[in-house]
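I would like the entire structure built from these sequences, with the hints used as guidance.
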Amino acid sequence: MVIEFDSVTKRYPDGTVAVGDLAMTIPSGRITVFVGPSGCGKTTSLRMINRMIDPTSGRILIDGDDIAGRPAAQLRRSIGYVIQHAGLFPHRTVVDNVATVPVLQGMSRRTARKRAYELLELVGLTAQMGDRYPVQLSGGQQQRVGVARALAADPPVMLMDEPFSAVDPVVREGLQSELLRLQGEIGKTIVLVTHDIDEAIKLGDQVAVFAQGGRLAQYAAPEELLAAPADDFVAGLVGRDRGYRGLSFAEGAELALRPVDTELDGLRLEVDADGRPLGWRGAEGLLPTEGTFGAGASLRAVTDLTILSPAGAAVRVDAEGRADGLILQSDLADHLRSRQRARLAAKAPAQREPSAEGAG
Amino acid sequence: MSFFSELWDYLDINHSSVVEALTQHIWLALLPVAIAFVLALPLGWAVDRFGVFKHIALTLGSIIYTIPSLALLLLIPGVVGTSILDPTNVVIALTLYSLALLVRTTADGLGSVDDSVLQAATAMGYKPAKRWFTVQLPLAMPVILAGLRVATVANVSMVSVAALIGIGGLGQLFTRGFQLGFYAPPIVIGLVLSVLLALVADIVIVLVQRWLTPWARAAGAR
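Residue numbers (the working numbering), protein chains in the order written: chain A, 1 to 360; chain B, 1 to 222.
Some hints here could point you the wrong way.
To be verified - Calculated pairs, DSSO-like style, for lysine-lysine (alpha carbon to alpha carbon, straight line, at most 27 Å):
{"id": "1", "chain 1": "B", "residue 1": "Lys-127", "chain 2": "A", "residue 2": "Lys-114"}
{"id": "2", "chain 1": "B", "residue 1": "Lys-127", "chain 2": "B", "residue 2": "Lys-54"}
{"id": "3", "chain 1": "A", "residue 1": "Lys-202", "chain 2": "A", "residue 2": "Lys-114"}
{"id": "4", "chain 1": "A", "residue 1": "Lys-114", "chain 2": "B", "residue 2": "Lys-130"}
As the list claims (entries may be wrong) - Derived contacts from chain A toward chain B, CB cut-off under 8 Å, selection only:
{"id": "5", "residue": "Met-52"}
{"id": "6", "residue": "Thr-56"}
{"id": "7", "residue": "Arg-59"}
{"id": "8", "residue": "Gln-74"}
{"id": "9", "residue": "Ile-83"}
{"id": "10", "residue": "Phe-89"}
{"id": "11", "residue": "Thr-100"}
{"id": "12", "residue": "Arg-109"}
{"id": "13", "residue": "Ser-165"}
{"id": "14", "residue": "Phe-293"}
Claimed, not checked - Which chain B residues stay away from chain A? Per the calculated CB distances, all over 12 Å, these:
{"id": "15", "residue": "Leu-74"}
{"id": "16", "residue": "Ile-84"}
{"id": "17", "residue": "Val-117"}
{"id": "18", "residue": "Leu-137"}
{"id": "19", "residue": "Val-208"}
{"id": "20", "residue": "Leu-212"}
For the record, the hints were derived by calculation from the structure and aren't laboratory data.
The model shown is predicted, which means the values in this text are computed figures rather than measured ones.
We put the beta carbon where it would ideally sit given N, CA and C, even for glycine.
Spelled out as structure tokens, the structure:
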């Protein structure tokens, strides 16, 4: 389900513009994150998708159909919704909370409950928790129930309004990973609002950065956001270490490998009989490798290893743990330089043609 | 003759009139609460929903509450056109008192429901009426029923005043005792039955509340 904002504006009677001429397309089956400071219109934009708020002008299309033409209640039943404090119904058991939308759609309570118990397990809870009341669960568990409730009618679209901001950081991290795992199974079109840029970068396939007055400052993949922020506002929001953080999105496999027996400033990698690395042998004796990496490691992990290594080289190992190559700091530096140069060069023409720059 | 045998003799001779007084007391006390409860739901809804009503309704409620019950009982026949000895006067007066209290607690109860829960209900696809009846009203019940308990107990005690204008209920037993020169048995019987009635009515409402809102106790049993 593709969601399209077609020059959408929300202006309140007092003249405040919450969302200003928003034009963007939210891809199907991906997680799109709206991020920005409070009052930037990100939540308003989200709530216009299920008509909790109606735009002053412009259209919102889901798969090409203008949602203004659909009865609000019916539209909402086809869109999952998760809010900050879960917003569970305190007077209904967990399983009845989850069964809410299917029952509204006319499913029998018995069938809806049966499916609700299954959903509880999908979001990492146990079926026994289904018979409790929300107040008997922890904040993190309530939020999982909120997700299960949003998914109960199997809607193609799920909206999440600051879903993890009310839980403590450790639980939040767990819930974020869980969402990514879940999305791998269900592949919904998810729109998630957060004020936490780290959460946006972790969860988003696409990140829309909103600035004051509902202006879309940048709409790009998180990697792009870190490497090439559109303006000072985005750069400020993304914060420090953005170059380093951006390396999480690239794989170390792109890099040129050097042979394992390369001598580096008097150090040579020593391996055991099976070829597993033991350490760097040099004048000082045997120095530790400080870790190795395998296939699938991020560029960030590789960079970290080259920094920690006494030889300035990260050791790559195969599935059996045998050293099969080295990545040198100098090669890494060359790679990063050409990568960033290409990226900024690709962005440069857009600045010469203001019309093509647009909101994104 | 001991006090208890005196009491027993009084009951033995007058039991039918005592039972009649009790029955009438129950009607006069509980019917107004029932009427007021039914009326308080739409009125409480309006007060909760529309800001303008709030001020008017709550001020009106406070004014009604400040009118002494005896004055109100004498005022009603003049306004409604009933005879001064008509029990309807008592029902109307007590309905007004109960309503003044219940509209406020109903509106408070509806207003106390967490807004995020209501927002969630709307976002799930509830239409307004269904949301009110199946989400907001049930969640407001603990506060509404607390108000109902106060109104019920207050009514049970207030009905006695009606005896002063010659209308039945347990208050008659008090007036009879006074007329007989502080003759204790009817006064004590009236008092005990009045307290028992209030207690039983209160317990019944608490039981209904426990049955209607099992979730409210779940918080404590966590």
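Consistency of the hints with the structure:
1. The straight-line distance between the Cα atoms of Lys-127 (chain B) and Lys-114 (chain A) is roughly 25 Å, inside the 27 Å bound, and the hint therefore holds.
2. The straight-line distance between the Cα atoms of Lys-127 (chain B) and Lys-54 (chain B) is roughly 24 Å, inside the 27 Å bound, and the hint therefore holds.
3. For the given pair, Lys-202 (chain A) sits about 33 Å from Lys-114 (chain A) by alpha-carbon distance, which is inconsistent with the 27 Å threshold.
4. Of the pairs offered as hints, the one joining Lys-114 (chain A) and Lys-130 (chain B) holds, with about 24 Å between alpha carbons and a cut-off of 27 Å not exceeded.
5. Among the interface hints, the one on Met-52 (chain A) holds; its C-beta lies about 6 Å from the nearest C-beta in chain B, closer than the 8 Å criterion.
6. The beta carbon of Thr-56 (chain A) comes no nearer than 20 Å to any beta carbon in chain B, farther than 8 Å, and the hint placing it at the interface is violated.
7. Annotation: Arg-59 (chain A) was flagged as interfacial toward chain B, and the flag is violated, the nearest CB pair being 21 Å apart, outside 8 Å.
8. Evaluation of the Gln-74 (chain A) hint against chain B yields a held restraint, the C-beta minimum of about 7 Å falling below 8 Å.
9. Given the 8 Å rule on beta carbons, the hint for Ile-83 (chain A) holds: about 6 Å separates it from the nearest Cβ of chain B.
10. For Phe-89 (chain A), the suggested interface contact is upheld, since its CB lies about 6 Å from the closest CB of chain B, less than 8 Å.
11. Among the interface hints, the one on Thr-100 (chain A) holds; its C-beta lies about 5 Å from the nearest C-beta in chain B, closer than the 8 Å criterion.
12. Taking 8 Å as the C-beta contact cut-off toward chain B, the hint placing Arg-109 (chain A) at the interface is violated, the least distance being around 13 Å.
13. Given the 8 Å rule on beta carbons, the hint for Ser-165 (chain A) is violated: about 13 Å separates it from the nearest Cβ of chain B.
14. Using the Cβ-Cβ criterion of 8 Å, the hint placing Phe-293 (chain A) at the interface with chain B is not satisfied: the shortest such distance is roughly 44 Å.
15. Here Leu-74 (chain B) stays apart from chain A, with its beta-carbon at least about 45 Å from theirs, past the 12 Å limit.
16. At roughly 47 Å from the closest C-beta of chain A, the C-beta of Ile-84 (chain B) stays outside 12 Å, upholding its exclusion from the interface.
17. The beta carbon of Val-117 (chain B) sits about 5 Å from the closest Cβ of chain A, which is not more than 12 Å, so the claim that it is off the interface is violated.
18. Distance check for Leu-137 (chain B) against chain A: the nearest CB is about 10 Å away, which does not clear 12 Å, and the non-interface claim fails.
19. The Cβ of Val-208 (chain B) lies farther than 12 Å from every Cβ of chain A, with a closest approach of about 15 Å, so its non-interface assignment holds.
20. Non-interface status of Leu-212 (chain B) relative to chain A is broken: a Cβ of that chain comes within 12 Å, the nearest being about 9 Å off.
Checked against the numbered hints above, the structure violates hints 3, 6, 7, 12, 13, 14, 17, 18, 20; every other hint is satisfied.
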